[in-house]
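Protein chains: 6
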Amino acid sequence: MPEAERISWFPIASRDDLAPETRALFEQLDAKLGFVPNVFVAFAWKGPRFDKWRAHFEDLMQPTPGLGKAEREMISVAVSMRNGCLYCLVAHGFAVRALLKDPVKGDRVTFDYHRAGLGAKHIAMLDYAVKVTEGPASCSEADIEALRAHGFVDSDIWDIAEVAAMFNFTNRLASATGMMPNPEYHAMAR
Amino acid sequence: MPEAERISWFPIASRDDLAPETRALFEQLDAKLGFVPNVFVAFAWKGPRFDKWRAHFEDLMQPTPGLGKAEREMISVAVSMRNGCLYCLVAHGFAVRALLKDPVKGDRVTFDYHRAGLGAKHIAMLDYAVKVTEGPASCSEADIEALRAHGFVDSDIWDIAEVAAMFNFTNRLASATGMMPNPEYHAMAR
Amino acid sequence: MPEAERISWFPIASRDDLAPETRALFEQLDAKLGFVPNVFVAFAWKGPRFDKWRAHFEDLMQPTPGLGKAEREMISVAVSMRNGCLYCLVAHGFAVRALLKDPVKGDRVTFDYHRAGLGAKHIAMLDYAVKVTEGPASCSEADIEALRAHGFVDSDIWDIAEVAAMFNFTNRLASATGMMPNPEYHAMAR
Amino acid sequence: MPEAERISWFPIASRDDLAPETRALFEQLDAKLGFVPNVFVAFAWKGPRFDKWRAHFEDLMQPTPGLGKAEREMISVAVSMRNGCLYCLVAHGFAVRALLKDPVKGDRVTFDYHRAGLGAKHIAMLDYAVKVTEGPASCSEADIEALRAHGFVDSDIWDIAEVAAMFNFTNRLASATGMMPNPEYHAMAR
Amino acid sequence: MPEAERISWFPIASRDDLAPETRALFEQLDAKLGFVPNVFVAFAWKGPRFDKWRAHFEDLMQPTPGLGKAEREMISVAVSMRNGCLYCLVAHGFAVRALLKDPVKGDRVTFDYHRAGLGAKHIAMLDYAVKVTEGPASCSEADIEALRAHGFVDSDIWDIAEVAAMFNFTNRLASATGMMPNPEYHAMAR
Amino acid sequence: MPEAERISWFPIASRDDLAPETRALFEQLDAKLGFVPNVFVAFAWKGPRFDKWRAHFEDLMQPTPGLGKAEREMISVAVSMRNGCLYCLVAHGFAVRALLKDPVKGDRVTFDYHRAGLGAKHIAMLDYAVKVTEGPASCSEADIEALRAHGFVDSDIWDIAEVAAMFNFTNRLASATGMMPNPEYHAMAR
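Chain order of the listed sequences is C, U, P, V, A and R.
With this note's numbering applied, the first sequence corresponds to residues 1 to 190, in that order.
With this note's numbering applied, the second sequence corresponds to residues 1 to 190, in that order.
With this note's numbering applied, the third sequence corresponds to residues 1 to 190, in that order.
With this note's numbering applied, the fourth sequence corresponds to residues 1 to 190, in that order.
With this note's numbering applied, the fifth sequence corresponds to residues 1 to 190, in that order.
With this note's numbering applied, the sixth sequence corresponds to residues 1 to 190, in that order.
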């Protein structure tokens with residue numbers, strides 16, 4: 001991939017124009033990952049809006065004892081597959097491979113979580129995330145009770161729904177604005 | 001509607017347990033509207049997460065010269081109709097009636113914006129919001145160019161996409177958690 | 001709404017050209033409601049065809065002990081929501097509010113009858129009407145048996161199917177011909 | 001097919017219980033066709049309702065100079081194919097074969113009117129009927145103008161829409177009530 | 001139908017240019033049926049490719065004790081109805097009529113196998129073929145177990161899936177290349 | 001992945017029971033790739049049927065000057081993404097990466113070929129393959145003319161349709177029989 005690849009159909013903020021904290025964040029990411037995820041590069045031109053979305057997003061993706069980082073990322077790819085979001089499938093596909101420490105299983109969860117050897121609890125979680133994605137009005141209290149029966153606590157059931165809802169936001173924003181995933185992701189955690 | 005109506009399938013935070021700023025917000029809303037919108041009542045149990053989502057949401061709904069409050073609310077009901085979200089159709093249906101200062105036109109935009117007497121620019125805006133909702137992967141740079149040709153600037157085109165994406169978040173969160181719209185909305189701005 | 005609003009994409013019969021009984025009907029409606037429903041105004045140019053459809057429609061909407069006026073109107077809005085018919089949602093949305101004597105519940109039935117606090121019998125009735133609307137070929141005798149188990153008699157089960165079928169007719173005729181609902185409906189029974 | 005085949009999931013009126021005119025109609029049909037179409041046999045138990053529907057239906061199916069019997073029946077099978085209605089595909093499939101005086105072309109129109117050698121005007125008529133069936137809310141005045149450009153007059157364009165709407169009624173009533181087409185139809189007009 | 005009807009949107013091989021075995025096959029078919037099925041006429045220009053496809057197809061359609069010719073053809077029309085394939089509905093609709101030795105039942109299976117008086121085992125077989133057609137990724141081992149419970153052996157269950165898959169191939173090839181069914185089929189086995 | 005992973009819901013032929021040529025093929029593949037593709041392992045129990053399908057498949061995937069190996073594989077993943085076929089996405093996703101000699105572009109074509117930087121000719125080819133997949137009955141001669149205008153010759157246009165049709169076969173057979181892609185594919189051509 002050439003370095004100058006276009007990663008958004010909208011203007012990209014110059015790093016010099018970023019708020020100091022955003023610039024600091026980008027420098028940290030460069031140091032840690034070797035690149036800044038393009039969703040940040042593409043969204044940063046919106047200034048404080050970007051920071052507010054990121055604050056919400058990062059709070060939501062924090063693990064809890066009942067719903068870890070890997071679970072939250074599995075939800076992200078199950079939803080992104082339904083919405084066909086290139087950006088999120090590539091970026092979060094990497095995250096699932098890395099968090100599961102199993103590149104084959106990670107790809108399988110991304111392509112078809114029903115054929116990835118997951119247990120019944122994880123399948124139920126992802127089926128619910130897909131229901132929230134595809135037929136939100138058809139959700140009912142019975143869905144919540146079914147997840148409780150699988151051992152999820154209420155706070156985590158809410159988070160399954162909210163993570164699913166969040167990727168219905170990010171999938172749409174990324175797809176509508178032409179965000180391209182960083183090419184580095186494809187080879188990571190293989 | 002009885003006062004004790006259940007407005008969420010999840011626990012509701014007691015007002016006494018809310019953070020001081022959230023309690024202050026609820027008191028302001030009670031004073032201004034006569035009630036607190038149930039999305040706030042239902043979401044508040046998530047603590048700081050609620051504040052972070054609200055910060056993003058309110059920033060996004062701020063009007064700009066090229067995309068006013070009414071336009072942003074029209075997008076919200078067009079998206080909510082596609083997702084069949086009772087909560088948002090009722091709450092934001094009121095907002096559209098109020099902002100358009102025309103209860104008939106507001107309801108028409110909510111039910112079917114193609115039959116509401118809107119101009120070509122508004123129709124194009126809402127058709128794009130529906131495309132972002134129903135087929136995000138099919139969006140292309142040509143959609144953005146078409147909106148530019150209608151006179152929208154890039155920053156507002158991004159916002160049309162982001163508002164559409166946001167209601168794809170809120171529609172799903174509201175529908176999955178059983179949020180019920182405050183009964184007061186139905187009679188307001190009639 | 002201006003008085004001269006266009007209410008059909010087809011010619012409108014002059015009142016002077018109507019058959020005497022149609023004119024009499026329109027005068028009665030003017031006296032009773034303050035207006036003639038636009039579906040009548042728009043359809044009347046078809047002469048005797050209009051009278052024949054109306055004769056069938058009005059026979060079908062007559063209440064029986066097991067399926068009252070409110071039930072028949074609830075079916076009409078559940079079907080109209082699936083077909084996205086502005087005319088019927090507004091005109092029959094009013095009817096549901098008025099017949100239920102509860103404007104909030106009426107609107108909820110119109111937007112999402114699963115979240116309107118209806119009992120299991122009414123939900124089963126409306127789920128069947130939606131199945132008749134969305135997947136008629138998938139209907140089976142088991143659907144009829146399930147409604148019998150809810151206490152519906154055969155004659156009323158037929159009527160649930162026929163009312164659902166009828167609004168699949170009217171939704172399409174109204175949508176295809178550009179019928180606009182009378183603006184008066186929006187504020188009635190609030 | 002055995003004579004005692006069940007032709008409805010609902011009660012069938014005994015011929016002795018029919019109103020005299022209905023009995024007379026059935027006797028005429030027996031004499032003319034050799035059988036009474038099962039839609040009549042199955043619907044007759046509803047008494048005057050049946051007569052009212054039939055009056056509307058028969059008025060609507062009357063040919064005009066611009067929209068003949070064959071055209072009206074072609075619309076019926078194009079709509080019935082979309083709804084997968086066994087009864088109407090068989091009964092009206094016969095009608096199309098007979099009216100076109102071409103059994104091969106008649107079957108082709110029934111299965112896929114785009115591959116039946118029809119002219120552009122008939123294709124446009126049937127595409128519109130399918131649009132009225134599948135996406136009524138997406139119909140617009142431009143559809144009507146396009147049909148005018150093909151030479152249809154307004155009264156016939158309305159009838160195209162109304163015939164399409166009518167078969168959306170009959171397809172659903174027939175499918176939901178378990179109406180079986182008379183076995184005789186299959187071999188007729190071959 | 002005129003003899004010179006166009007039966008493909010692609011070139012047709014002259015009989016003189018066919019490989020000797022293909023010419024021999026066509027002569028046999030002419031002798032047996034009075035015509036060569038147009039799928040063969042239209043596909044033959046691809047030379048050895050045609051023979052290879054036909055070898056696979058004919059192997060697959062061979063009856064076994066547990067899955068006869070009629071069953072394999074019933075699968076073909078159930079799949080073809082879902083894909084709306086004119087060619088296969090006409091050609092294999094004939095086959096089903098002939099093999100069932102019941103023209104009415106054969107047509108009913110073609111139009112709607114749920115309303116054809118089939119037994120539970122055949123319905124289960126066709127429901128599975130439709131699931132393979134419409135939602136292959138949703139298939140699971142439980143589907144196979146359900147067919148075993150109906151008495152199918154594993155080798156035949158595989159064949160149900162493979163026949164369904166095969167008609168998803170032929171339906172698409174026939175529809176995309178403009179293959180027209182031979183007019184003779186319509187009147188055969190009536 | 002454990003070596004003993006189950007790769008089909010059907011019996012697997014023992015290598016000792018395979019026909020000599022099939023055994024020889026498997027040995028060649030072991031030598032060349034280090035493994036035998038699971039589609040072969042899973043299908044081989046069907047004996048000569050397997051060989052006949054493979055003969056057709058391999059003939060079809062042979063490159064021509066106008067439609068190379070890479071193009072044929074790009075069609076395979078575009079179709080497999082629509083059908084959500086885990087097996088084909090993984091196995092042919094590898095093939096696209098290898099043939100394009102660009103792992104990032106290969107993955108992008110697999111996930112969303114509209115966002116992979118392909119030229120207009122390749123996009124038109126894949127849009128047609130998707131149309132053949134999703135709406136085969138809507139294909140028309142105009143689609144063929146459009147591909148000719150992009151420079152494709154008739155023989156290759158047929159092949160685009162036939163490759164698309166073939167993966168509608170293999171996607172369904174693989175999904176319905178529970179075929180699992182060899183884990184080796186995931187890390188190849190990265």
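Hints were generated in silico from the structure; no laboratory data involved.
A few of these clues could be false.
It does not matter which identical chain is meant; a pair holds if it fits inside one copy or across any two.
[Unchecked claim] Here are the simulated EDC-like pairs of lysine to aspartate or glutamate, each with C-alpha atoms no more than 20 Å apart in a straight line:
| hint | residue 1 | residue 2 |
| --- | --- | --- |
| 1 | K101 | E5 |
| 2 | K32 | D127 |
| 3 | K52 | D156 |
| 4 | K46 | E184 |
| 5 | K131 | E184 |
| 6 | K131 | D17 |
| 7 | K52 | D112 |
| 8 | K69 | E21 |
| 9 | K32 | D17 |
| 10 | K101 | E21 |
| 11 | K121 | D154 |
| 12 | K69 | E134 |
| 13 | K105 | E27 |
| 14 | K131 | E58 |
| 15 | K52 | D17 |
| 16 | K131 | D51 |
| 17 | K101 | D17 |
| 18 | K46 | D156 |
| 19 | K101 | E184 |
| 20 | K46 | E58 |
| 21 | K46 | D102 |
| 22 | K121 | E27 |
| 23 | K46 | E141 |
| 24 | K105 | D16 |
| 25 | K131 | D112 |
| 26 | K121 | E141 |
| 27 | K105 | E5 |
| 28 | K52 | E184 |
A quick look at each hint next to the structure:
{"no.": "1", "hint": "K101 / E5", "in the structure": "between (30 Å within a copy, 18 Å between copies)"}
{"no.": "2", "hint": "K32 / D127", "in the structure": "neither (34 Å within a copy, 39 Å between copies)"}
{"no.": "3", "hint": "K52 / D156", "in the structure": "between (22 Å within a copy, 18 Å between copies)"}
{"no.": "4", "hint": "K46 / E184", "in the structure": "neither (25 Å within a copy, 35 Å between copies)"}
{"no.": "5", "hint": "K131 / E184", "in the structure": "neither (32 Å within a copy, 30 Å between copies)"}
{"no.": "6", "hint": "K131 / D17", "in the structure": "neither (41 Å within a copy, 32 Å between copies)"}
{"no.": "7", "hint": "K52 / D112", "in the structure": "neither (32 Å within a copy, 29 Å between copies)"}
{"no.": "8", "hint": "K69 / E21", "in the structure": "neither (25 Å within a copy, 30 Å between copies)"}
{"no.": "9", "hint": "K32 / D17", "in the structure": "neither (22 Å within a copy, 39 Å between copies)"}
{"no.": "10", "hint": "K101 / E21", "in the structure": "neither (32 Å within a copy, 40 Å between copies)"}
{"no.": "11", "hint": "K121 / D154", "in the structure": "within (15 Å within a copy, 30 Å between copies)"}
{"no.": "12", "hint": "K69 / E134", "in the structure": "neither (23 Å within a copy, 29 Å between copies)"}
{"no.": "13", "hint": "K105 / E27", "in the structure": "neither (32 Å within a copy, 27 Å between copies)"}
{"no.": "14", "hint": "K131 / E58", "in the structure": "neither (23 Å within a copy, 27 Å between copies)"}
{"no.": "15", "hint": "K52 / D17", "in the structure": "within (18 Å within a copy, 24 Å between copies)"}
{"no.": "16", "hint": "K131 / D51", "in the structure": "neither (29 Å within a copy, 26 Å between copies)"}
{"no.": "17", "hint": "K101 / D17", "in the structure": "neither (38 Å within a copy, 38 Å between copies)"}
{"no.": "18", "hint": "K46 / D156", "in the structure": "between (31 Å within a copy, 11 Å between copies)"}
{"no.": "19", "hint": "K101 / E184", "in the structure": "both (18 Å within a copy, 16 Å between copies)"}
{"no.": "20", "hint": "K46 / E58", "in the structure": "both (18 Å within a copy, 14 Å between copies)"}
{"no.": "21", "hint": "K46 / D102", "in the structure": "neither (36 Å within a copy, 32 Å between copies)"}
{"no.": "22", "hint": "K121 / E27", "in the structure": "neither (39 Å within a copy, 40 Å between copies)"}
{"no.": "23", "hint": "K46 / E141", "in the structure": "between (38 Å within a copy, 19 Å between copies)"}
{"no.": "24", "hint": "K105 / D16", "in the structure": "neither (41 Å within a copy, 31 Å between copies)"}
{"no.": "25", "hint": "K131 / D112", "in the structure": "both (15 Å within a copy, 17 Å between copies)"}
{"no.": "26", "hint": "K121 / E141", "in the structure": "both (18 Å within a copy, 18 Å between copies)"}
{"no.": "27", "hint": "K105 / E5", "in the structure": "between (30 Å within a copy, 12 Å between copies)"}
{"no.": "28", "hint": "K52 / E184", "in the structure": "neither (26 Å within a copy, 30 Å between copies)"}
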